[in-house]
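Asker: Listed below, chain by chain, are the residues.
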Amino acid sequence: MNAIFTVITLISLILLTVQNPTSVVTVMTDGVEKSISLCGKLFCIYALWYGVFELIERGGIGRLIAKILKKPVKWIFGKTDEKSSGYICMNLSANLLGLGGVATPMGIEAEKYLENEGNRFGQNMLFVLASSSIQLLPISVIGLRASFGSVNPQDIILPTLLSTAVSTITGILLVKIFCKR
Amino acid sequence: MSAYVIPLLVITVILSVAVKGGKVYDTFVKGAKKAFPLVLSIFPYLAAIFIMTELFEKSGLSKAIIDLSADFFGFFGIDKSLVPLILLKPFSGSGSLGILSKIMTDYGVDSYLSRCACAIYGSSETVFYVGAVYYSKCKSKPPVLPFLISLISNFLATVFACFICRIM
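Line by line, the protein sequences are chains A and B.
Read in order, the letters of the first sequence correspond to residues 1 to 181 in the numbering used here.
Read in order, the letters of the second sequence correspond to residues 1 to 168 in the numbering used here.
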């Protein structure tokens, strides 16, 4: 990200300075202003959903999903140790709910245990699953659409879910074909 | 149909806590409290990204790069206005969120381009970021192959999103 930011900003700055030096400062402060307005919108979305997330964890829905996932995890990952499959289930259930913050530490632990087991296949599979987006409800996108005044913010759920399925299924199949156990 | 998903989810969630005798109000407040530090922590990233995207666009560099890659993405049925989002998504979550909100501002929230951008944003992940974090406690370096697989799967989802948003 550092390289991308530096290269794009630098080239743009030089180009803009050549074309219109007086606009440079205005353009940059405009940028910050826009980021503030987005932060305001995000704050509303997060305050609502982090409250709901806390309730999800407290009510045990997360654990319930982890339990349901046991079978599919066995099919996708093959043989894994008790400990790593536990972390995998918790990681996937959090990711399905869109709780990236909860999922990440579980994912890091799972990768570590899988490495200790010598299970390269499992390591690759978990990473591909996590980076193919398996979130069931695109909450921040729906919230953002609502704050921009969409007529029906939720009508994006189905297209997103279908596209998500495309990336996840492709990912699982490619790992099964190309990564050796 | 989809209009019922979120209300039903929230009702179920509240009930799941209430039937166990949990304190719904206290629990909700405890979670909502986390929103403030979260937004504060991503603000500097968003500020930097928006400075970059504003400069990127006003300098004409954005148009040059989009025109250069338009044929490649056009071949897959991807509109060229979505190119910046697609190129940045694997690297930065807050960066692509910034671009997504810019697309909604520029083209209107219910336009094909905005809906398509939403589906792309929601169906792909920050591959390089996830990779760096997930493998952070492993001793060996992460292999290249799964990264390639993730990028290919995400790209297919993007192509599919551009198609499905035309008919749905």
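Errors might be hidden in some of the hints.
The list that follows gives simulated cross-link-like pairs (lysine to any residue, SDA-like), each with its CA atoms no further than 20 Å apart [what the hints assert, rightly or not]: (1) A:Lys180 - B:Lys141; (2) A:Lys67 - B:Ser16; (3) B:Lys34 - A:Thr29; (4) B:Lys30 - B:Pro44; (5) B:Lys63 - B:Leu15.
Please keep in mind that the hints were generated in silico from the structure rather than gathered at the bench.
Computed from a prediction, not measured in an experiment: that's the story for all the values here.
Asker: Could you run down the list of hints and mark each one as holding or not?
Answerer: Consistency of the hints with the structure:
no.	hint	verdict
1	A:Lys180 - B:Lys141	holds (17 Å)
2	A:Lys67 - B:Ser16	holds (16 Å)
3	B:Lys34 - A:Thr29	violated (28 Å)
4	B:Lys30 - B:Pro44	violated (25 Å)
5	B:Lys63 - B:Leu15	violated (51 Å)
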